[in-house]
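**Student:** Whole structure, please, built from the sequences with the hints as guidance.
There are 2 protein chains.
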Amino acid sequence: MSEFPHHQAETPSGAAGPLNPERRQLLLGGAGLLAGAGLVGLSPRAWAQGSPLPDYVGWKNADALIVHSANTLETKRDAIGRGVLTPSDQLFVRNNLPAPDAGIMQDIEGWEVNIAGVNHPRAITLAELKRIGVETVVSVLQCSGNGRAFFPHGASGTPWTTGAAGCVAWTGVPLREVVRELGGVAEGMNYLTGTGGETIPAGLDPKTVMVERSVPLAALEQAMLVWEMNDEPLSLAHGGPVRLVIPGYYGVNNVKYVRQVAFTAGQTDAAIQATGYRVREVGVSGSPDQPSMWEMPVKSWVTSPLASASPGRTLIYGVAFGGVHGLAGVEVSVDGGSRWAEARFLGPDLGRFAWRPFVLATELAPGEYRLVSRATDDQGQVQPEERVDNERGYGHNGWKDHGVTLTVA
Amino acid sequence: MSEFPHHQAETPSGAAGPLNPERRQLLLGGAGLLAGAGLVGLSPRAWAQGSPLPDYVGWKNADALIVHSANTLETKRDAIGRGVLTPSDQLFVRNNLPAPDAGIMQDIEGWEVNIAGVNHPRAITLAELKRIGVETVVSVLQCSGNGRAFFPHGASGTPWTTGAAGCVAWTGVPLREVVRELGGVAEGMNYLTGTGGETIPAGLDPKTVMVERSVPLAALEQAMLVWEMNDEPLSLAHGGPVRLVIPGYYGVNNVKYVRQVAFTAGQTDAAIQATGYRVREVGVSGSPDQPSMWEMPVKSWVTSPLASASPGRTLIYGVAFGGVHGLAGVEVSVDGGSRWAEARFLGPDLGRFAWRPFVLATELAPGEYRLVSRATDDQGQVQPEERVDNERGYGHNGWKDHGVTLTVA
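In order, the protein sequences belong to chains U and B. Residue 1 is where the first sequence starts when you use full-length UniProt numbering, and the numbers rise one by one after that. Residue 1 is where the second sequence starts when you use full-length UniProt numbering, and the numbers rise one by one after that.
No lab work stands behind these hints: they were computed from the structure. Where hints are given, some of them may not hold.
Which copy is meant is left open, so a pair is good if it fits within one copy or across any two.
Claimed, not checked - Listed next, the in silico DSSO-like pairs over lysine-lysine satisfying Cα-Cα at most 30 Å (straight line): (1) 76 - 400; (2) 76 - 207; (3) 400 - 130.
**Tutor:** This is the structure:
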């Protein structure tokens, strides 16, 4: 769920029956295509008059964003990346289904999350969650398809480059504290399964489109039920009133408008889990035996300068993160990776799930340069040079494709 | 300068001659009072049509602010304090003189700061500063008069309670790196003196109103020339294009629109330094032999709940900071200070100049409670129980006055 490539195209036509053309159009997303489908929440009427942004994200900074569709907004590469936190109004947006009606934000304290698969299962309101406990964790939120635009085979889905990622502070209650209140996880459970509160469009089999994701039970260590982002109440655009956040995991696992958190023996059979977000070779269909998009690996990219600079002393900036691990360091090359220099981290360390801006000061004579960066996590895992080609263009952390060509004159 | 009590009332009438009534009115601040004085920048016309905020801070969140005057805006106690960073649109504002015309933000890269008292003095543009080096430091920005409202003798100046404080991320170049480029500090210099770029109202002796502050040379260790706050270009309201920031020092030392940074043998004779921001007994005039408002001591206060709560488990929140030092811990009492419990810090540690939100979970039966908090810095200095009465109501860090009465029913 969340800031993520269209999982719908993942649905094998055999699973839910062939999609009729009208449905297909609906599922392809984009405000224009949806006009005839009766989804008021995403029809062109939902775009604010004279605004380049849809209503539900009308408060965002349009100058910092690339609007791929009403459900997919990317942060521009030069708007991101020197800051320890990404301002909320610049953070990317990715919804797998249209956001629910804004009416769900009227009584946020009364929002209920059903907790299942524990010894004393029951529904808990946000008001009650707020009394159980609280923590603030900073983490990178990144779409599985971030970097998809660099895949040469034309992977279907939003052509994100670097901007389907940001780093924000989440405030909420550690899920393990909620579970403790409810008597602990029931025996035999292996997964943590979150269900989103989106409205399922009429006439569709819920399993084919619902946002329901399972992650390994080990993620309970860091999972949170979140009601604030960057110290402000969590917006509808980012999953308010309550979102399940799994720091270190790809965006799709961070279920928005979360209605249920269940501890389950197996993974959900919803298409977004069973066949969606599965890594496989180009041309192969998704299936449950393929790797799921869970933990994020180490990654970095340069954010400035991106095209030109004047000769002399130049500061090269970027961001780096270790995914589920902390960072050990990051190197920068100005010759496409032949020689590397260690960059310096900028600003405070916000914890192992956060990104760190970095900077390298260098002297550049007139000419053309290829700037690349390469991060190493605290387990010694180094960002690879090459992408791993895969059908949907997931998980790209190869440093070569993320380089930029700089003209110094 | 900056977010600060009106230093003008500090000017002893003998120093600049008795102020005539018109000047006095001008200096007392407040949009209404200024109407007749011809200061376009602060006249009522400068208040946006239908907005509760003056134009230059029209982008702020009015709901989070108490408008004392056009130059003094306080953050509400319940709008502050659970976050590791204060959102820019909620941060308090204190200007000692009206902000310069917004035209100075047209060419921020060309803004010049004159660096004097170094071996190779010269003016440096912001564009050049950005190439020398960069760092991001998080620090508490706090007015010397924060807590003034709690002084019983009616200290003159803005009646701040807790909201003339916030915690923000500053990005800029460490001043020591600039100094290194210019050959180091000249011999015999003992102070770092910053001069603001405000326009001096016609007819006034500049020394009586100009914003020019000196701090001990030791502050060069952490001083910065800053161009970003919370990862966005520094706004005019907060001192853009460039501000001198001395992390750990009271707000007045963080000179906005900084035009000159000089290393000097003595302190400036500007009134804001010579007689303003001097701590002395009630009824005594300011003079250079009294302590200046430089380093901030340890402080904390509760931010939630502030008035009422329902019985049962209650989370008590607040913020704590050590000023120039890091924090060792913070305790909370619900009975006005008879018994204390250690609170837990919330979220990542952003460094020794930052504040840390804290939380204590407790069970409260129906009744009335007095919530207070008491922080200890990493030097073992404990926040005192009582304020130290002083003429201008400066530097209040006594925990007792900062308590709140809570009704649980």
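**Student:** Next, verify each hint and record whether it holds.
**Tutor:** Here's how the hints hold up against the structure:
| no. | hint | result |
| --- | --- | --- |
| 1 | 76 - 400 | within (19 Å within a copy, 49 Å between copies) |
| 2 | 76 - 207 | neither (34 Å within a copy, 47 Å between copies) |
| 3 | 400 - 130 | between (44 Å within a copy, 27 Å between copies) |
Checked against the numbered hints listed earlier, the structure breaks hint 2 alone; every other hint is satisfied.
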